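S.K.: Residue 61 in UniProt numbering is what sits at position 61 of the sequence shown, and the numbering runs on without skipping anything.
Calculated directly from the structure, the hints in this document are not laboratory data.
Don't take every hint at face value.
To be verified - 25 Å max Cα-Cα, derived DSS-like pairs, lysine-lysine: (1) K117 <-> K36; (2) K145 <-> K211; (3) K2 <-> K12; (4) K117 <-> K81; (5) K36 <-> K12; (6) K145 <-> K12; (7) K211 <-> K2; (8) K81 <-> K12; (9) K36 <-> K2.
What you are looking at is a predicted structure, and each value in this text was computed from that prediction instead of being measured.
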Amino acid sequence: MKICVRAHDLGKMSASALAAAAADYGFDGVQLVLGKAIEGQTGAPGSVTASFAQSVRETFASGGVEIAMLGAYFNPVHSNKSLVASNIEKFREHLRFAPLFGSRFVGSETGSFNDDKWTYHPQNRTPEAFAEVSRIFGDLAVSAKQYGSNLALEGAWGHCCWNPGTLRRLVDSIDNGHVYVTVDVYNYLYEGNYARHTEIFDECLDLFGSKIVIFHLKDFVVAGGALRQVGLGQGIMDWEYMIPRIAERCPGAYLIFEGVPPLNMRSSYAHISRLLGTLL
1 MKICVRAHDL
11 GKMSASALAA
21 AAADYGFDGV
31 QLVLGKAIEG
41 QTGAPGSVTA
51 SFAQSVRETF
61 ASGGVEIAML
71 GAYFNPVHSN
81 KSLVASNIEK
91 FREHLRFAPL
101 FGSRFVGSET
111 GSFNDDKWTY
121 HPQNRTPEAF
131 AEVSRIFGDL
141 AVSAKQYGSN
151 LALEGAWGHC
161 CWNPGTLRRL
171 VDSIDNGHVY
181 VTVDVYNYLY
191 EGNYARHTEI
201 FDECLDLFGS
211 KIVIFHLKDF
221 VVAGGALRQV
231 GLGQGIMDWE
241 YMIPRIAERC
251 PGAYLIFEGV
261 PPLNMRSSYA
271 HISRLLGTLL
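I would like the entire structure built from these sequences, with the hints used as guidance.
M.R.: And the structure:
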(Lines of atoms letter the chains of each structure in order from A; the text may use other names.)
(Lines give C-alpha, C1' and ligand atoms only; values in the text may rest on other atoms or scores of the structure.)
Protein backbone atom coordinates (compact mmCIF):
# COMPACT_ATOMS: atom_id res chain seq x y z
CA MET A 1 0.00 0.00 0.00
CA LYS A 2 1.11 3.56 -0.65
CA ILE A 3 1.78 5.89 2.28
CA CYS A 4 1.20 9.55 1.44
CA VAL A 5 1.02 12.91 3.19
CA ARG A 6 -0.99 16.10 2.91
CA ALA A 7 1.62 18.26 1.20
CA HIS A 8 1.05 21.50 3.12
CA ASP A 9 1.74 19.68 6.39
CA LEU A 10 5.34 19.77 5.15
CA GLY A 11 5.11 23.53 4.54
CA LYS A 12 4.43 25.87 1.64
CA MET A 13 7.26 25.88 -0.88
CA SER A 14 8.11 25.27 -4.51
CA ALA A 15 6.89 22.08 -6.17
CA SER A 16 10.44 20.77 -6.40
CA ALA A 17 11.10 21.43 -2.71
CA LEU A 18 7.81 19.78 -1.74
CA ALA A 19 8.58 16.72 -3.82
CA ALA A 20 12.03 16.47 -2.26
CA ALA A 21 10.63 16.84 1.26
CA ALA A 22 8.00 14.15 0.71
CA ALA A 23 10.57 11.79 -0.76
CA ASP A 24 12.97 12.46 2.12
CA TYR A 25 10.36 11.22 4.61
CA GLY A 26 9.75 8.17 2.42
CA PHE A 27 6.26 9.06 1.24
CA ASP A 28 4.97 7.55 -1.98
CA GLY A 29 2.65 10.44 -2.74
CA VAL A 30 0.89 13.58 -1.60
CA GLN A 31 -2.56 15.06 -1.19
CA LEU A 32 -2.04 18.40 -2.88
CA VAL A 33 -3.95 21.58 -2.04
CA LEU A 34 -2.40 23.99 -4.50
CA GLY A 35 -3.07 27.25 -2.66
CA LYS A 36 -1.76 25.91 0.64
CA ALA A 37 1.23 23.93 -0.59
CA ILE A 38 2.85 25.59 -3.60
CA GLU A 39 4.39 29.05 -3.43
CA GLY A 40 2.82 31.59 -5.77
CA GLN A 41 -0.27 29.46 -6.39
CA THR A 42 -3.77 30.23 -5.10
CA GLY A 43 -5.69 27.41 -6.73
CA ALA A 44 -8.45 29.93 -7.52
CA PRO A 45 -10.49 29.61 -10.72
CA GLY A 46 -8.36 30.57 -13.66
CA SER A 47 -5.04 30.17 -11.85
CA VAL A 48 -4.34 26.63 -13.07
CA THR A 49 -3.20 25.89 -16.60
CA ALA A 50 -2.43 22.72 -18.49
CA SER A 51 1.27 23.53 -18.64
CA PHE A 52 1.39 24.23 -14.90
CA ALA A 53 -0.37 20.95 -14.11
CA GLN A 54 1.98 18.96 -16.33
CA SER A 55 5.02 20.71 -14.87
CA VAL A 56 3.96 19.91 -11.30
CA ARG A 57 3.28 16.30 -12.23
CA GLU A 58 6.67 15.92 -13.85
CA THR A 59 8.41 17.58 -10.90
CA PHE A 60 6.85 15.20 -8.39
CA ALA A 61 7.29 12.18 -10.63
CA SER A 62 11.00 12.91 -11.02
CA GLY A 63 11.30 12.48 -7.25
CA GLY A 64 9.24 9.28 -7.28
CA VAL A 65 6.26 11.01 -5.65
CA GLU A 66 2.70 10.58 -6.89
CA ILE A 67 -0.10 13.14 -6.59
CA ALA A 68 -2.71 10.91 -5.01
CA MET A 69 -5.46 13.51 -4.69
CA LEU A 70 -6.06 17.18 -5.38
CA GLY A 71 -7.74 18.87 -2.43
CA ALA A 72 -10.34 21.44 -3.46
CA TYR A 73 -12.32 21.34 -0.22
CA PHE A 74 -15.19 23.80 0.00
CA ASN A 75 -18.40 24.37 1.95
CA PRO A 76 -21.36 23.78 -0.40
CA VAL A 77 -23.91 25.20 2.09
CA HIS A 78 -22.01 28.37 3.03
CA SER A 79 -24.29 31.39 3.39
CA ASN A 80 -22.12 33.39 0.96
CA LYS A 81 -23.49 32.04 -2.31
CA SER A 82 -20.98 33.97 -4.41
CA LEU A 83 -18.21 32.18 -2.53
CA VAL A 84 -19.94 28.84 -3.08
CA ALA A 85 -20.23 29.53 -6.81
CA SER A 86 -16.53 30.44 -7.01
CA ASN A 87 -15.54 27.30 -5.12
CA ILE A 88 -17.70 25.11 -7.34
CA GLU A 89 -15.92 26.55 -10.36
CA LYS A 90 -12.57 25.95 -8.64
CA PHE A 91 -13.51 22.33 -7.96
CA ARG A 92 -14.67 21.87 -11.54
CA GLU A 93 -11.40 23.29 -12.82
CA HIS A 94 -9.48 20.89 -10.58
CA LEU A 95 -11.50 18.01 -12.06
CA ARG A 96 -10.57 19.21 -15.53
CA PHE A 97 -6.84 19.34 -14.82
CA ALA A 98 -6.57 16.39 -12.42
CA PRO A 99 -5.50 13.93 -15.16
CA LEU A 100 -2.68 16.30 -16.15
CA PHE A 101 -1.54 16.38 -12.51
CA GLY A 102 -1.55 12.58 -12.62
CA SER A 103 -4.28 12.49 -10.00
CA ARG A 104 -7.44 10.39 -10.25
CA PHE A 105 -9.31 12.18 -7.46
CA VAL A 106 -10.41 15.64 -6.38
CA GLY A 107 -11.60 15.78 -2.79
CA SER A 108 -13.99 17.72 -0.59
CA GLU A 109 -16.01 17.42 2.60
CA THR A 110 -19.74 18.17 2.68
CA GLY A 111 -19.80 21.45 4.62
CA SER A 112 -21.76 23.04 7.44
CA PHE A 113 -24.28 25.84 7.93
CA ASN A 114 -21.80 27.26 10.43
CA ASP A 115 -19.96 28.65 7.42
CA ASP A 116 -16.22 29.05 8.00
CA LYS A 117 -16.26 27.21 11.33
CA TRP A 118 -17.21 23.90 9.67
CA THR A 119 -18.78 22.76 12.97
CA TYR A 120 -22.11 21.24 14.01
CA HIS A 121 -25.27 23.16 13.17
CA PRO A 122 -28.74 21.62 13.56
CA GLN A 123 -29.61 22.59 9.98
CA ASN A 124 -26.86 20.27 8.75
CA ARG A 125 -29.05 17.27 9.52
CA THR A 126 -32.13 18.35 7.62
CA PRO A 127 -33.50 17.00 4.33
CA GLU A 128 -32.92 20.43 2.80
CA ALA A 129 -29.21 20.27 3.64
CA PHE A 130 -28.88 16.82 2.11
CA ALA A 131 -30.73 17.92 -1.00
CA GLU A 132 -28.43 20.91 -1.53
CA VAL A 133 -25.26 18.90 -1.00
CA SER A 134 -26.59 16.23 -3.35
CA ARG A 135 -27.47 18.81 -5.99
CA ILE A 136 -24.04 20.44 -5.96
CA PHE A 137 -21.94 17.31 -5.87
CA GLY A 138 -24.26 15.57 -8.33
CA ASP A 139 -23.51 18.31 -10.84
CA LEU A 140 -19.79 18.00 -10.13
CA ALA A 141 -20.02 14.23 -10.66
CA VAL A 142 -21.25 14.98 -14.19
CA SER A 143 -18.17 17.15 -14.72
CA ALA A 144 -15.95 14.43 -13.29
CA LYS A 145 -17.26 11.99 -15.89
CA GLN A 146 -16.77 14.57 -18.64
CA TYR A 147 -13.13 15.13 -17.69
CA GLY A 148 -12.24 11.53 -16.84
CA SER A 149 -11.75 12.38 -13.18
CA ASN A 150 -13.41 11.38 -9.90
CA LEU A 151 -14.84 12.88 -6.72
CA ALA A 152 -13.49 11.73 -3.35
CA LEU A 153 -16.10 12.75 -0.77
CA GLU A 154 -15.51 12.79 2.97
CA GLY A 155 -17.90 12.86 5.91
CA ALA A 156 -17.45 14.40 9.36
CA TRP A 157 -19.53 14.50 12.53
CA GLY A 158 -20.14 18.26 12.39
CA HIS A 159 -20.94 18.34 8.66
CA CYS A 160 -23.96 17.68 6.46
CA CYS A 161 -22.86 14.07 5.91
CA TRP A 162 -22.33 13.58 9.61
CA ASN A 163 -22.07 9.80 9.76
CA PRO A 164 -21.11 7.01 7.34
CA GLY A 165 -24.74 6.18 6.61
CA THR A 166 -25.53 9.71 5.43
CA LEU A 167 -22.45 9.78 3.21
CA ARG A 168 -23.52 6.42 1.74
CA ARG A 169 -26.90 7.97 0.89
CA LEU A 170 -25.13 10.85 -0.84
CA VAL A 171 -22.93 8.53 -2.87
CA ASP A 172 -25.92 6.43 -3.89
CA SER A 173 -27.88 9.52 -4.91
CA ILE A 174 -25.25 10.91 -7.28
CA ASP A 175 -23.01 8.00 -8.29
CA ASN A 176 -22.29 7.78 -12.00
CA GLY A 177 -19.15 5.67 -11.70
CA HIS A 178 -17.03 8.70 -10.80
CA VAL A 179 -17.90 9.12 -7.12
CA TYR A 180 -15.65 7.64 -4.43
CA VAL A 181 -15.04 8.02 -0.71
CA THR A 182 -12.34 9.22 1.65
CA VAL A 183 -12.58 7.68 5.11
CA ASP A 184 -11.31 9.75 8.01
CA VAL A 185 -12.42 7.94 11.17
CA TYR A 186 -11.22 10.81 13.37
CA ASN A 187 -13.60 13.16 11.54
CA TYR A 188 -16.58 11.14 12.73
CA LEU A 189 -15.55 11.31 16.38
CA TYR A 190 -16.51 13.60 19.25
CA GLU A 191 -16.43 13.36 23.03
CA GLY A 192 -19.43 11.06 23.12
CA ASN A 193 -18.36 8.35 20.69
CA TYR A 194 -14.56 8.21 20.41
CA ALA A 195 -14.41 4.92 22.33
CA ARG A 196 -16.37 3.37 19.45
CA HIS A 197 -13.92 4.39 16.77
CA THR A 198 -13.18 0.84 15.59
CA GLU A 199 -16.92 0.18 15.26
CA ILE A 200 -17.28 3.30 13.12
CA PHE A 201 -14.29 2.18 11.05
CA ASP A 202 -15.89 -1.25 10.50
CA GLU A 203 -19.14 0.45 9.51
CA CYS A 204 -17.24 2.43 6.86
CA LEU A 205 -15.70 -0.74 5.45
CA ASP A 206 -19.08 -2.46 5.31
CA LEU A 207 -20.93 0.50 3.81
CA PHE A 208 -18.40 1.66 1.23
CA GLY A 209 -16.17 -1.31 0.41
CA SER A 210 -14.38 -0.77 -2.88
CA LYS A 211 -15.67 2.82 -3.04
CA ILE A 212 -12.99 3.75 -0.48
CA VAL A 213 -9.96 5.14 -2.28
CA ILE A 214 -8.31 7.13 0.56
CA PHE A 215 -7.89 6.69 4.29
CA HIS A 216 -6.80 9.74 6.26
CA LEU A 217 -4.52 8.64 9.07
CA LYS A 218 -4.75 10.51 12.37
CA ASP A 219 -4.27 9.72 16.05
CA PHE A 220 -5.59 11.47 19.13
CA VAL A 221 -5.75 11.75 22.89
CA VAL A 222 -8.55 13.11 25.07
CA ALA A 223 -7.52 16.14 27.11
CA GLY A 224 -9.86 18.32 29.13
CA GLY A 225 -12.83 16.50 27.68
CA ALA A 226 -11.82 17.31 24.08
CA LEU A 227 -10.12 15.30 21.36
CA ARG A 228 -6.61 16.51 20.47
CA GLN A 229 -4.62 15.20 17.53
CA VAL A 230 -1.15 13.72 18.13
CA GLY A 231 1.41 11.79 16.12
CA LEU A 232 0.45 8.36 14.82
CA GLY A 233 1.09 5.70 17.44
CA GLN A 234 1.07 8.28 20.24
CA GLY A 235 -2.67 8.22 20.93
CA ILE A 236 -5.57 5.83 21.30
CA MET A 237 -6.56 5.28 17.66
CA ASP A 238 -6.30 1.52 17.18
CA TRP A 239 -4.29 1.39 13.97
CA GLU A 240 -3.06 -2.08 14.97
CA TYR A 241 -6.65 -3.22 14.44
CA MET A 242 -7.44 -1.07 11.42
CA ILE A 243 -4.37 -1.33 9.17
CA PRO A 244 -4.65 -5.11 8.59
CA ARG A 245 -8.33 -4.70 7.70
CA ILE A 246 -7.57 -1.88 5.30
CA ALA A 247 -4.92 -4.01 3.63
CA GLU A 248 -7.39 -6.88 3.30
CA ARG A 249 -10.49 -4.98 2.21
CA CYS A 250 -9.08 -1.94 0.36
CA PRO A 251 -5.55 -2.85 -0.75
CA GLY A 252 -5.48 -0.19 -3.47
CA ALA A 253 -6.44 2.71 -1.20
CA TYR A 254 -3.99 5.47 -0.38
CA LEU A 255 -3.01 5.95 3.26
CA ILE A 256 -2.63 9.71 3.70
CA PHE A 257 -1.22 11.39 6.80
CA GLU A 258 -3.30 14.47 7.57
CA GLY A 259 -2.44 17.00 10.25
CA VAL A 260 0.59 15.09 11.53
CA PRO A 261 3.08 17.69 12.86
CA PRO A 262 6.50 17.62 11.16
CA LEU A 263 8.02 16.88 14.57
CA ASN A 264 6.10 13.59 14.60
CA MET A 265 6.32 12.79 10.90
CA ARG A 266 9.19 10.30 10.99
CA SER A 267 7.94 8.42 14.04
CA SER A 268 4.45 8.30 12.51
CA TYR A 269 5.84 6.96 9.25
CA ALA A 270 7.83 4.34 11.13
CA HIS A 271 4.72 3.28 13.06
CA ILE A 272 2.54 2.76 9.98
CA SER A 273 5.38 1.16 8.01
CA ARG A 274 5.90 -1.30 10.83
CA LEU A 275 2.21 -2.23 10.87
CA LEU A 276 2.21 -2.73 7.11
CA GLY A 277 5.47 -4.68 7.30
CA THR A 278 3.94 -7.25 9.64
CA LEU A 279 1.45 -8.10 6.91
CA LEU A 280 4.11 -9.15 4.39
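S.K.: Can you name, in rising order, the numbers of the hints this structure does not satisfy?
M.R.: Violated hints (numbers, rising): 6 and 8; every other hint is consistent with the structure.
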